[in-house]
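Student: One letter stands for each residue in the lines below.
Number of protein chains: 2
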Amino acid sequence: MYRTNTCGELRLSDAGRRVTLAGWVQRIRKMGGMTFLDLRDRYGITQVVFENDNNSDLTEAANHMGREFVVQISGTVTERTAKNPNMPTGDIEIIADKLTVLNPSLVPPFTIEDDTDGGDDLRMRFRYLDLRRNAVRRNLELRHRMTMEVRRYLDSKGFLEIETPMLVGSTPEGARDFVVPSRMNPGQFYALPQSPQTLKQLLMVSGMDRYFQIVKCFRDEDLRADRQPEFTQIDCEMSFVEQDDVINLFEGMAKHLFKEIRGVELTEPFPRMTWADAMKYYGSDKPDTRFGMRFVELMEPLKGHGFSVFDNAAYIGGIVAEGAASYTRKQLDALTDFVKRPQIGAKGMVYARVNEDGTVKSSVDKFYDQDTLRAMADKMQARPGDLILILSGDDAMRTRKQLCELRLEMGRQLGLRDKNKFSCLWVVDFPMFEWSEEEGRLMAMHHPFTHPKDEDIPMLDTNPAEVRADAYDMVINGVEVGGGSIRIHDSKLQAKMFEILGFTPEKAQEQFGFLMNAFKYGAPPHGGLAYGLDRWVSLFAGLDSIRDCIAFPKNNSGRDVMLDAPAPLDPKQLDELKLAVELPEE
Amino acid sequence: MYRTNTCGELRLSDAGRRVTLAGWVQRIRKMGGMTFLDLRDRYGITQVVFENDNNSDLTEAANHMGREFVVQISGTVTERTAKNPNMPTGDIEIIADKLTVLNPSLVPPFTIEDDTDGGDDLRMRFRYLDLRRNAVRRNLELRHRMTMEVRRYLDSKGFLEIETPMLVGSTPEGARDFVVPSRMNPGQFYALPQSPQTLKQLLMVSGMDRYFQIVKCFRDEDLRADRQPEFTQIDCEMSFVEQDDVINLFEGMAKHLFKEIRGVELTEPFPRMTWADAMKYYGSDKPDTRFGMRFVELMEPLKGHGFSVFDNAAYIGGIVAEGAASYTRKQLDALTDFVKRPQIGAKGMVYARVNEDGTVKSSVDKFYDQDTLRAMADKMQARPGDLILILSGDDAMRTRKQLCELRLEMGRQLGLRDKNKFSCLWVVDFPMFEWSEEEGRLMAMHHPFTHPKDEDIPMLDTNPAEVRADAYDMVINGVEVGGGSIRIHDSKLQAKMFEILGFTPEKAQEQFGFLMNAFKYGAPPHGGLAYGLDRWVSLFAGLDSIRDCIAFPKNNSGRDVMLDAPAPLDPKQLDELKLAVELPEE
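Here the protein sequences come in this chain order: Z and X. Take the first sequence: its position 148, counted from the start at 1, is 477 in my numbering, and no numbers get skipped. Take the second sequence: its position 52, counted from the start at 1, is 381 in my numbering, and no numbers get skipped.
One or more of the hints may lead you astray.
Which copy is meant is left open, because identical chains are indistinguishable; a pair holds if it fits in one copy or across any two.
In silico DSS-like cross-links for lysine-lysine, where the CA-CA straight-line distance does not exceed 25 Å [said to hold, decoys possible]:
#1 Lys359 with Lys632
#2 Lys486 with Lys588
#3 Lys836 with Lys901
#4 Lys695 with Lys836
#5 Lys427 with Lys849
#6 Lys821 with Lys359
#7 Lys836 with Lys750
#8 Lys730 with Lys588
#9 Lys676 with Lys730
#10 Lys825 with Lys615
#11 Lys609 with Lys584
#12 Lys545 with Lys427
#13 Lys584 with Lys695
#14 Lys632 with Lys412
#15 Lys730 with Lys584
#16 Lys901 with Lys584
#17 Lys669 with Lys730
#18 Lys412 with Lys659
#19 Lys849 with Lys609
#20 Lys708 with Lys782
#21 Lys849 with Lys836
#22 Lys659 with Lys901
#23 Lys821 with Lys659
Hints are computed from structural coordinates only; laboratory data are not their basis. Since this is a predicted model, take the numbers as computed values, not measurements.
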């Protein structure tokens, strides 16, 4: 037995007990004839005192301990004279009588403190040291608590967690698969699942009724800051349900998590917003509704006054930044630069201030008289002291997305995106399809198994681009934490869907025959949803990136810099797999 | 809303209620003017009655329903006249007034009954129909309950579930890895983890203190009946522990599972047996201790009496089959054939019956006098009516393994291997190394991170083959359900271990440098264990194979016959991965 207690649990009521602790040396300070050692483990920090007068050899030994040494210390719990109310163990200290070094440590390459001096790369290379920091460890503790609560909740609702295979077949529809060569079946490959979508649908066909799984999924995509090649989904599916049944159940789960994990009691139903409204008022299918600043379409007051930029625009829209009329020219120029960045791509920005006397002063005053500007301000419900920001463009959807970025930036600048405030909503009635310029055809906006809205089914033949789906996303603070849909359970409708997506019947059968055949043997109506665990933990932890809620994340090149993976294979392994690497000449 | 209730919940107290159920048609029978329809879902079966006199159209429609049609039925809960005490819903039936076909079904290729007429191949191809059978579904429900209990237990003991990556580096030590080509790093490969062994050790270095994960692991092995290329481990690791700490905690978990899942209260500590004793008395490192029949070494009484088979043997050992003296010559010949099968490989079998008068009648009477045979029987504590079975050979270990198979077969024949009886034990003190004929070197018996017993460390230099490890397996009914060890936490000892295993320092650094380096920054003493979830569920479910506790298992060629995976890739995918398949000429 290495310890009687952890470094986080001793209290004043333990005074007088002889205890043994084990942990890491956080810091050491000599003060007069005493040496103070802060001993750290996952559970906390306990102060240990070595008294030179009583035990000079031991104190001398303690003085030689380095940061991050692993030591075992025995001693007596004693009330502190100078208590530290900021530490749970701050009322006591251990008067040491024994010290054993369990393992020494080199000087760590960065400090193991909440505010470390280690840069990102170094911290990732020594991730096992980075994880010793409270800030990072707490994220993993939060993640554990969240998955425990998810499981408790879904178990209480009759869901079964069922593991689906990781070695499945490759389905070129969707993102790129990671593939796994099969040695026993040379020349053939498994794929790692992008999601257990078809398998969970088969579980519904098999009558499992309520399924969930917290499961790794894989996508071989070019990575952005908030993407990982492997990520974790809370994957759920239910039988004999309509959209409202799914939404109600998982809204209940979200509320449960908010209450248990964040201590936030959400009593109201989450608002529901159609995709069309989300695009119209926020330019995004995942609007951040912690603040208003909804788009106001301004074609009517502003078009046709001789300002060619607006006169030629397919869309003119603006937002009202409350109380921001005091923005300086420099700040406004910076905003213009912001929307003109290539990632956003606006050509320019028009602004207008509402003065205290109600007059409006704009950057395009030479084209507009005061009446027109006032009409605009009225339409936007702008009040004295407000700032109006306007974008326009010849592609309405693109302009709305630019205005969305501007709105988010203004929300940030005005402090309206408080990480401790949560605004949840459902976005519903997504379009079934979206046009892919790259592929030159309609693609499924969610996936090819999504059920069209019953009333829109006739349009599948006449105007598929207008068909809406029984699909829904849960959005919190502008983050899509989950999404799902009612699925097709009819093999004929599924076949039609593949046809619209440009599959020949043979190709559809080859790739999804197992599912369409299954539908012929009594498939129940079903639907479900998947939450992105990484995103949700990040949201609850107040992180900007999902990376710090993942124990061993990969970098933007898909590399694990700690393990140095991926790496070239032993040629013997390639031979066994009947594979050759064919790199292009440099 | 598709249903007001499930098919498993209505009781007599619901009589008079109007309800709507949805589910699958299990069977239909016409009796006089009534049609009885058994409606099934995951939760049970409810009898529905259609009365021709009251509603002939509806009854006519019901008569046209086929097996496995998905239907929605509304009606009134009514007390049955002929109750069925074998069904939880057997007191009531639904008098139907509405019937909607939600989805028809083709005639299923096998019957959806506990005893199905479907063969293994057919059931696997239509696994989604096979899973509708109670027998299979119950295994998945059991699996869910077990993982819930494991998580509850470990959470209550302060363990954190931490996800480790699935895309890691390949480590040729151990079994074969499945590999994953990286498109973003052409010519380089990830590997799928055989276990999170090194990553959980890094989590200990990071101070996580108590880690667990229920996690998929992968081994590209040639498959046997009870192996799958992907399998699930309950993977655990603890810091600041000695062997007893780990054993006590996980014995507690096993007892918790026995109690919660099987209703079996195990109050005694599990016995511990050294590996040496397990081999000596049972010829196996995972003895089935539900029954005795321990080996008795018989060199002393039987060698040197002119029976050349025994005289030349390096090992002679026997077992006593209680009360089996009545075995016929035919039964004994069958046993001889059993041990001579190539999989077992014994040259022959000697037997002896202990008669009611205490005399011993053996198959080698011409070489042994009655005194010798009686001395043998006495040494074996055989009593009148018992049967003695003896094997011998020139390789003691091999002969013991043959005798082990014979013992298990006799246990089976004598009904001593009751699936509802559980005998648990720990096998401890495993050898550190075993000699590999194939590799011509010592190999780690568990893995290269296992800590040698402190008292044996000096032998690492002088006689490594004799070194024992701080390793332990939990064995239940002859099944190794889990195993683990105390790990090395000292980078120098770890380096020495790699040296003994034939690694050059460069090779060790290349493959395990990340771990040995981590050990230099304050690694705590640590150890852990991993349970095989599939095996444990099978054991609790009384299954002979792990396959039926896995939703979508693979066959012995590693194929998923339902998904038809693996399969050849689209050439475009290979191009993107810079890979070429090089199949040998036929």
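Student: Look at each hint and say if it fits the structure.
Tutor: Status of each hint after checking the structure:
With identical chains, the CA atoms of Lys359 and Lys632 are never at most 25 Å apart, being 75 Å at best within one copy and 75 Å at best between copies. When the C-alpha separation of Lys486 and Lys588 is checked against a cutoff of 25 Å, the pair qualifies both within a copy, at 17 Å, and between copies, at 23 Å. In this assembly of identical chains, Lys836 and Lys901 lie within 25 Å of each other by CA distance solely across copies; the values are 16 Å between and 36 Å within a copy. In the homo-oligomer, the alpha carbons of Lys695 and Lys836 never lie at most 25 Å apart, since the shortest distance is 61 Å inside one protomer and 75 Å across protomers.
Taking identical chains as interchangeable, the C-alpha atoms of Lys427 and Lys849 lie at most 25 Å apart only when they sit on different chains, with a minimum of 23 Å there against 73 Å within one chain. Taking identical chains as interchangeable, the C-alpha atoms of Lys821 and Lys359 are never at most 25 Å apart, the minima being 80 Å within one chain and 32 Å between chains. When the C-alpha separation of Lys836 and Lys750 is checked against a cutoff of 25 Å, the pair qualifies neither within a copy, at 48 Å, nor between copies, at 52 Å. Taking the shortest alpha-carbon separations for Lys730 and Lys588, neither the intra-copy value of 33 Å nor the inter-copy value of 58 Å comes in at or below 25 Å.
Taking the closest pair of Cα atoms, Lys676 and Lys730 come within 25 Å of each other only inside a single copy of the chain (13 Å); across copies the shortest separation is 81 Å, beyond that limit. With identical chains, the CA atoms of Lys825 and Lys615 are never at most 25 Å apart, being 29 Å at best within one copy and 56 Å at best between copies. In the homo-oligomer, the alpha carbons of Lys609 and Lys584 never lie at most 25 Å apart, since the shortest distance is 28 Å inside one protomer and 59 Å across protomers. For the identical chains of this complex, Lys545 and Lys427 are neighbours neither inside a copy (46 Å) nor across copies (43 Å), given an alpha-carbon limit of 25 Å.
In this assembly of identical chains, Lys584 and Lys695 lie within 25 Å of each other by CA distance neither inside one copy nor across copies; the values are 52 Å within and 84 Å between. For the homomeric pair Lys632 and Lys412, neither the shortest alpha-carbon distance inside one copy (70 Å) nor that between copies (78 Å) is at most 25 Å. Proximity of Lys730 to Lys584 under the C-alpha cut-off of 25 Å is found in neither arrangement, the shortest distances being 30 Å within a copy and 58 Å between copies. Within a single copy, Lys901 and Lys584 get their C-alpha atoms no closer than 53 Å, and across copies no closer than 45 Å, so neither meets the 25 Å cut-off.
With identical chains, the CA atoms of Lys669 and Lys730 are at most 25 Å apart within one copy only, with a shortest distance of 13 Å there and 77 Å across copies. Taking CA atoms no more than 25 Å apart as the test, Lys412 paired with Lys659 passes in neither setting, with 50 Å inside one copy and 85 Å between copies. In this assembly of identical chains, Lys849 and Lys609 lie within 25 Å of each other by CA distance neither inside one copy nor across copies; the values are 41 Å within and 58 Å between. With identical chains, the CA atoms of Lys708 and Lys782 are never at most 25 Å apart, being 34 Å at best within one copy and 81 Å at best between copies.
For the identical chains of this complex, Lys849 and Lys836 are intra-copy neighbours only, at 18 Å inside a copy versus 56 Å across copies, given an alpha-carbon limit of 25 Å. With identical chains, the CA atoms of Lys659 and Lys901 are never at most 25 Å apart, being 63 Å at best within one copy and 51 Å at best between copies. Taking the shortest alpha-carbon separations for Lys821 and Lys659, neither the intra-copy value of 61 Å nor the inter-copy value of 61 Å comes in at or below 25 Å.
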